[in-house]
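**Student:** Here are the chains, one letter per residue:
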Amino acid sequence: MPIEPAYMIFVTLSALGTLQLVAARYGLQGLFFFPARSRASSLAGLLTISVSYYWFFSSADRNVPGLEGTQLIFFFSLSCLLAISITLALSSLVNRQPRSPRPPTQANPPGPPPAGLDALKRVSYFQLLRAPLRLPAARARRLFAYGWWISLLPGTPSRCFLASPGRCTRASGRRPRKARGKTDDPGDN
Amino acid sequence: MIPEITELDRALFQAVNGLVGRSPWLDGLMRLLVNEYFVPVSMSLVLLALWFSGANPHLRKTNQRAVLYAILAQGLSAAIVAANNGLYFRPRPFATLTVNLLYYRPTDSSFPSNPAAMAFTFALIIWLFNRRAGAGLLLLALLFSFARVYCGVHLPSDILGGAVVGGIAALLATVALKGIVEPLFRIAINFARSFYLA
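As given, the protein sequences belong to chains A and B, one line each in that order. For reference, each letter of the first sequence is one residue, going 45 to 233 in the numbering used here. For reference, each letter of the second sequence is one residue, going 134 to 331 in the numbering used here.
By construction, these hints were calculated from the structure, which means they are not laboratory data. Just to be clear, a hint being listed does not mean it is correct.
Claimed, not checked - Keeping only pairs whose Cα atoms sit at most 35 Å apart, straight-line, the calculated DSBU-like set for lysine-lysine is:
hint	chain 1	residue 1	chain 2	residue 2
1	B	Lys311	A	Lys165
2	B	Lys311	B	Lys194
3	B	Lys194	A	Lys165
What the hints assert, rightly or not - Among the chain B residues that face chain A by a calculated CB cut under 10 Å, a handful are:
hint	residue
4	Arg164
5	Ala188
6	Leu310
7	Val314
8	Leu330
Said to hold, decoys possible - Computed Cβ-Cβ distance ranges for the label pairs, DEER-style:
hint	chain 1	residue 1	chain 2	residue 2	range
9	B	Phe328	A	Ser103	29 to 37 Å
10	B	Asp241	A	Met52	18 to 26 Å
11	A	Ala175	B	Asn189	16 to 24 Å
12	A	Ala133	B	Ile320	33 to 41 Å
13	B	Tyr237	A	Trp99	20 to 28 Å
14	A	Met52	B	Val297	15 to 23 Å
C-beta atoms are modelled at their ideal positions from N, C-alpha and C, and glycine is treated no differently.
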C-alpha cells in the first residue's frame with residue numbers, strides 16, 4: 045500500500061481510539077460507541093490505537109523516505125477531521141435513544157443543559173444539533189396550522205405570529221380577561 | 134574553544150551511535166522511534182486528546198489554548214529552521230564520520246535538528262499549560278532525540294540546536310505574540326464551543 049493511504053488509515057484509527065479514550069475518561073457519553081459503557085469505550089479505544097500502530101509499523105519499513113513535513117501536516121489534519129466526523133456520526137447513531145434523566149446531584153445540577161462539550165455528557169451530537177432546529181420548526185407548524193391568517197390583520201405585532209395563539213390577545217380581537225371582583229377603576233369602590 | 138566543543142560533540146555522538154548492534158531489542162526500539170511517524174503522530178494525538186480533556190470547562194479551555202499555542206509555535210519553529218537552513222548548511226554525521234546508520238540518508242542540513250525542534254516545541258508549550266501532559270511529551274521528545282543520535286542521523290549539538298529553536302518558538306508564541314493571538318484563540322474556542330466541539 046502506498047504511504048499516503050496507509051498513513052491516513054493509521055492516523056484516523058488512532059484518532060478514533062484517542063477520542064474514545066478521552067470520552068470515557070471525562071464521561072462524554074454522547075461520544076461513546078458503546079452506549080453508557082465507559083469501560084468498553086476505554087478498551088475499544090486502547091485496542092484501536094494498539095492495532096493501528098502495530099499494523100502501520102509492521103506492514104512496511106517506515107525508516108525510508110516517505111512523506112514530507114507539509115504532507116504529514118496535511119494528511120494528519122485531514123485524518124483527524126475524518127476521525128472526529130466518524131465519531132460524531134457513529135456515536136449519534138448508537139446513542140439515538142435519550143437516556144433517562146439522572147437525579148440532580150452536585151455533579152449533575154438541575155437546570156438547563158450545559159454548554160459546549162459538557163452537553164455531550166448526556167446526549168449525542170446530532171440530538172444537540174437538532175434541539176435548536178426543533179423550536180423554529182414547531183413555531184412554523186403552529187403558524188401554518190392556525191396562525192397564518194393573523195398576519196393579514198393590520199398592526200399585528202410580529203411576535204404574535206410566533207407565540208402560541210392563546211398568548212396573542214390583540215390579534216384574536218379580545219381583551220385580556222380581568223380577574224373577577226376586581227376592576228381597573230379605583231372610583232368603583 | 135569551538136574545536137573542543139566539536140570534538141566533544143563527535144565523541145558523544147560516537148559513544149551513543151557505538152551502542153548500535155549490542156542489543157537487538159534496543160536497536161528495534163530506536164528504529165521504531167527514529168522515523169517521522171511514531172513520535173510526531175503520538176505527540177499530535179496527545180494534542181487531540183488535550184482538546185477534549187479537562188475535568189471542568191476552565192481546565193478544558195486552558196488545554197485548548199495550549200493546543201492552539203502549540204500549533205502556532207510549531208509554525209514559528211518550522212520557519213526558524215527553514216530560515217537557518219537557507220543561511221547555514223551542516224552535513225549529516227554519516228557524510229563525515231564512520232557511522233552505524235539505522236535510517237535512510239536525509240539530504241537537508243543537520244543543524245538544527247528539525248524533528249528535535251518540532252518535538253521540543255510541542256513539549257515545552259504543553260508543559261507551560263499542563264505539567265503532567267508536558268512532562269510526558271518532554272520524555273517523548275528526549276527519547277526521539279536520543280533515537281536520532283543513536284541511529285546516526287544527527288549529532289548531539291543538532292539536537293541541542295533543535296531544543297533551543299523549540300524554546301525560542303515557545304517563548305515567541307506565548308510571550309511576544311500573546312497579546313495578538315490570545316483574542317483570536319478566544320474567538321476560535323468560543324466558535325467551536327457554539328458547535329459543542331470545545
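**Student:** If a hint holds in the structure, say so; if it does not, say that too.
**Tutor:** Comparing the hints with the structure gives:
Taken as a hint, the lysine 311 of chain B and lysine 165 of chain A pair is honoured in the structure, with Cα atoms around 32 Å apart against an allowance of 35 Å. The suggested pairing of lysine 311 of chain B with lysine 194 of chain B holds, with an alpha-carbon distance near 16 Å, which does not exceed 35 Å. Between lysine 194 of chain B and lysine 165 of chain A the alpha-carbon distance is near 17 Å, which keeps this suggested pair within the 35 Å criterion. With its C-beta approaching chain A no nearer than about 6 Å, arginine 164 of chain B sits inside the 10 Å limit, and its interface hint holds.
Interface restraint check: alanine 188 of chain B against chain A, minimum CB-CB distance 7 Å, threshold 10 Å, status holds. At about 20 Å, the closest approach between the beta carbon of leucine 310 of chain B and any beta carbon in chain A exceeds 10 Å, and the interface hint on this residue is violated. A distance limit of 10 Å between C-beta atoms decides the matter here; for valine 314 of chain B the minimum to chain A is near 19 Å, and the interface restraint is violated. Look at leucine 330 of chain B: its Cβ gets to within about 7 Å of chain A, closer than 10 Å, so that hint holds up.
Take phenylalanine 328 of chain B and serine 103 of chain A: their Cβ atoms lie about 36 Å apart, and the range 29 to 37 Å holds. Against the hinted window of 18 to 26 Å, the Cβ-Cβ separation of aspartate 241 of chain B and methionine 52 of chain A comes to about 25 Å, which satisfies the hint. The hint said 16 to 24 Å for the Cβ distance between alanine 175 of chain A and asparagine 189 of chain B, and at roughly 23 Å that hint holds. A hinted range of 33 to 41 Å for the beta carbons of alanine 133 of chain A and isoleucine 320 of chain B is inconsistent with their spacing of about 27 Å.
Between tyrosine 237 of chain B and tryptophan 99 of chain A the beta carbons are some 22 Å apart, a value that agrees with the proposed interval 20 to 28 Å. Checked against the hint of 15 to 23 Å, the C-beta distance between methionine 52 of chain A and valine 297 of chain B comes to roughly 33 Å, which is inconsistent with it.
Comparing the model with each numbered hint stated earlier shows that hints 6, 7, 12, 14 do not hold.
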